[in-house]
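S.K.: The residues making up each chain are set out below.
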Amino acid sequence: MNQTATIPARVLVTKIGLDGHDRGSRIIAAFLRDAGMEVIYTNPWQKIETVVTLAMEEDVDVIGISSLATDHLLVPKLMVALKAANLGHIRVIVGGIVPDEEETDLLEAGVSKVFHPGSGREEIVVEVERLAREAAAERPED
Amino acid sequence: MNVSNPEKPNLATRLINGEVAALARAISVVERDTPNAINVLRAIRPHLGHAVVVGFTGPPGAGKSTLVNAVVAELRTRDKTVGVVAVDPSSPITGGAVLGDRIRMAEHTMDAGVFIRSLASRGALGGLSAAAAQVADLMDAAGRDVVILETVGAGQSEVEMARIADVRIVIAAPGLGDDIQAIKAGILEIADILVVNKADQPLASQTKRQLEAMLSLRAPAEHPVPVLSTDAIARTGITDLADSIETVAARNERRDDRSALAGRSRHLLAQAVAKAAESYVLESRSQAVEAIILSVQEAQIGLSDAAKQVLNTIHKELDD
Amino acid sequence: MNKIDTNAPIDDRTTAASDWKRGFDAQVSDTKTIRNRSGIEIDPLYWPAEGSDPAYDEKLGFPGSGPMTRGIYPSMHRGRTWTQRQLIGLGRPEDFNARIRKILKSGASALSMIPCNSVYRGLDCDEVEPELMGTCGTIINTVEDMDICLKDIPIDEVSVGLNDPNPFTMLAQMLVVAEQRNIGWDKITGTSNQSDYISHFVANHMFYRLSLTGARRVQMDTITYLAEHVPNWNALSVVGQHMQQAGATPAQAMGLTLSSAFQYAEDCIERGMDPEKFLERFTFFFDISISFFEEVAKFRAGRRIWARLLQERFGVTNPRALRFKFHAQTSGVDLTRQQPLNNVARVAVQAMAGILGGLQSMHTDGYDEVFTTPTEGPAKIAIATQNILKHEAGLCDVIDPLGGSYYVETLTDQMETEILRVIAQIDEQGGMFKAVQSGFVQGLIGESAMAFQEAVDTGEQVVVGVNAYQDDDDDTARPSVERPDPDWMQGQIDHLAKYKSERDQDGVTAALNTLRAVARSEDGNTYGALVDATRAKATQSEIIAVLRDELGFGQPLVVA
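Residue numbers (the numbering used here), protein chains in the order written: chain A, 1 to 142; chain B, 1001 to 1320; chain C, 2001 to 2560.
None of these hints come from the bench; they were simulated from the model.
Built from N, CA and C at the ideal position, the CB exists for glycine as well.
Do not rely on the hints blindly, as some may be mistaken.
[Stated by the list, open to error] Label pairs and their computed distance ranges (CB to CB):
id : chain 1 : residue 1 : chain 2 : residue 2 : range
1  : C       : 2517      : B       : 1235      : 13 to 23 Å
2  : B       : 1038      : C       : 2468      : 22 to 32 Å
3  : B       : 1270      : C       : 2439      : 37 to 47 Å
4  : C       : 2105      : B       : 1235      : 47 to 57 Å
5  : A       : 105       : B       : 1078      : 41 to 51 Å
6  : B       : 1266      : A       : 47        : 43 to 53 Å
Isolated chain A (complex conformation):
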């Protein structure tokens, strides 16, 4: 029996850097869970290399980084580290407070999407599902 069609997307919801405000990441985790996804949730303050290990061990499709202070400035480093770990298929989204010009930097670094305050539940869920499908399609089957 092939269950591939019904397998839920796996999403790592985490925070890197220094900030610890988790209202946003908790709400997003609950949204995604309620939309039928499997969410791996962590403490704040993850290091880049830890996020890469978590993403690898948990074989996730999407990584969601919540950033309310300036921690999004580290995301380009994460993108490089993911590629180096042969995890380039994983889609990365950033949610939180990101200034316009730095959003451009993030997208150029390979981030798939930046969600700002006020983004709606439906919008986020639909986008994450779409990105998870993209990632799954690119995932090396080995």
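Given the coordinates of chain A, work out where chains B and C should sit on it, guided by the hints.
M.R.: What follows is chains B and C alone, placed relative to chain A:
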């Protein structure tokens, strides 16, 4: 369809060679039951039997993840490599899940000697993921010395765990009266080791005594079940627990024992058949099934007779 | 509670009114008559005539006494208005110093200091990803950094607000700087703004450095130490802001904050301290959402509950101890990225609610907070907003101007009931410490956050520009961000290396070992040892690392 790259060793080989990324991917392949899954499972067969599989179960709030974290730390000081399968329940309605067990195991994330994977139960009977047994096999084949299965106590899961694990640990939290009742109902039969965690709490010793009293009512066993006290946060009692695990592991039948494996395969097959029959009834819109459903609805036949009729229908369909 | 004594003789009110007037006159030297634009003379306070509204005396009374509902001082804003406490913190210590001197020159009498996020995490600049350094506050790692921050600033004359979470390393640095300048610690005044470790454990993990039990120990050691050595310092500010920002309703935020304050009071009493004395130094810090009347009622109800429950629970009679002194900040959560200039209007309404709720100190957000850490232009508008409300709108002319409104009084009573319900829930959990340790409080807040988000998603809660009145052409006034120059960050790292190489390393090691021994012993005072280690030139990170080692790391309880 197996699209493995001929240039590159296949997934199973890489896994057996200890490549963690391959283990991670193989778990997904098996969990998703992709066409490659059976190839992987076949390829690892000769490499099974090294690991000791230790099951941890207990009610929510008993501190399972924290205890597993402490035990993993202890096993690492004993130079054991460890695989952890942490199972959390999926929502029965949406199928989604927040997998947060590894939050309490963060100290091991960057240790290459520890591999942690979170699984959602995905509606499997009893809260233990259907794939958990196979995931344990993958970790075994990948050379992990100890594989820990952590699952929330939800009635059936203890029994499921008992079939997969070599060492079965049941965790109780102090002072939960109902909890003790639940344990009475069936867990005592399967536990190799009982643990009262949160030993710093006032009711811990009382709970320990209650458990010991319950055990004393049973027929005398060759190997009495120890009741251990731990405080996973303060890391007390962990050495004793790890010693106890080693003692039981050395004594118990191992999974590579032929009859044990046969028994496990029988149960796994039974589960898979039940799951297939369930999907058939839920998704089939065949006239025959609709007719059986109607007769159940109108109380014309009992459920067990109806089930037999369904199996007959499936049988006929396969013949056609 | 709130029983109506219909037999109260009416001349009680006359007596209370004249008591109030005496207090008012003593506080207000400027007796200038205030008239509105139509020439009507405006009294500082209005209250029901004798014989009417028998519940008045028990529920409202007069500002500065009795139930305290209408305010904690007889004169309130008609006398001294609130302190405008804008938080600033920027880049290097010398940048901070330049800016603060400018601000003091323009007449300010108080200064606030925010350190870099790396400092909040207990990390020195040589341990942090350089991208993150100095983006949100000043890098203050050593006594020397603090000395530069405070260069030419008369720290015996200005009141200092330190965003300095447990274990209070910045305060220790400032005390050592005072010593070096031969300034007695009794001259040091101000507040540890971010001293509520419970609120950090629940809702602001960035500030949460030590384990819950470790932070509790250091908190009590610090309060005890400061009461003895730095008598004019407010060691504790109990914070409701983080919890409301994290999603608690206004009533929950008030109830939980009061429960925290009761917990701290009980902990102090257990240390043998006298509530009549230490409670004088308790202050609070709240969030002001845009739910205008709800916020006004929240503050009035909170003030009344605090004064009453301190008497009931701890038998406090000292009127100074019963005063519910609070700082408030307008809520960043209410601000929107869409049509950002609308945020100026939102902040004004939030600020009005805080003023009419009777605050003592306020921070107004810049409209650009949803884009970035506030920049200078929007920060100026935020301050101007306060001045407009104060001088043009006349909000300070009358004390508690909404008092007596049928709606506001009913709502105040209802909020009081709701707040008391929350307090009772926490009492049932065995107090705030246990209720956060078990995750009960986090669960409550999480549910409220989800419920609010649900209301916004369904459109039940209208948010202009977000789920209603959208306007595609809303790119107005998006600020551009400034990030610190990476070069001078390297300079800061070099500076720290030099500092470390030039200090007496044996002295540092000895002081840190003493700190470790004291932390390990159960009865020594960790804060005294911490000040000693700071004096011996240990960095904040070195000090916090020792405490984390001995007392546990501040890992938040994540309730997913």
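S.K.: Run every hint past the structure and note whether it holds.
M.R.: Going through the hints against the structure:
| no. | hint | in the structure |
| --- | --- | --- |
| 1 | C:2517 - B:1235: 13 to 23 Å | holds, 22 Å |
| 2 | B:1038 - C:2468: 22 to 32 Å | violated, 55 Å |
| 3 | B:1270 - C:2439: 37 to 47 Å | holds, 38 Å |
| 4 | C:2105 - B:1235: 47 to 57 Å | holds, 56 Å |
| 5 | A:105 - B:1078: 41 to 51 Å | holds, 47 Å |
| 6 | B:1266 - A:47: 43 to 53 Å | holds, 46 Å |
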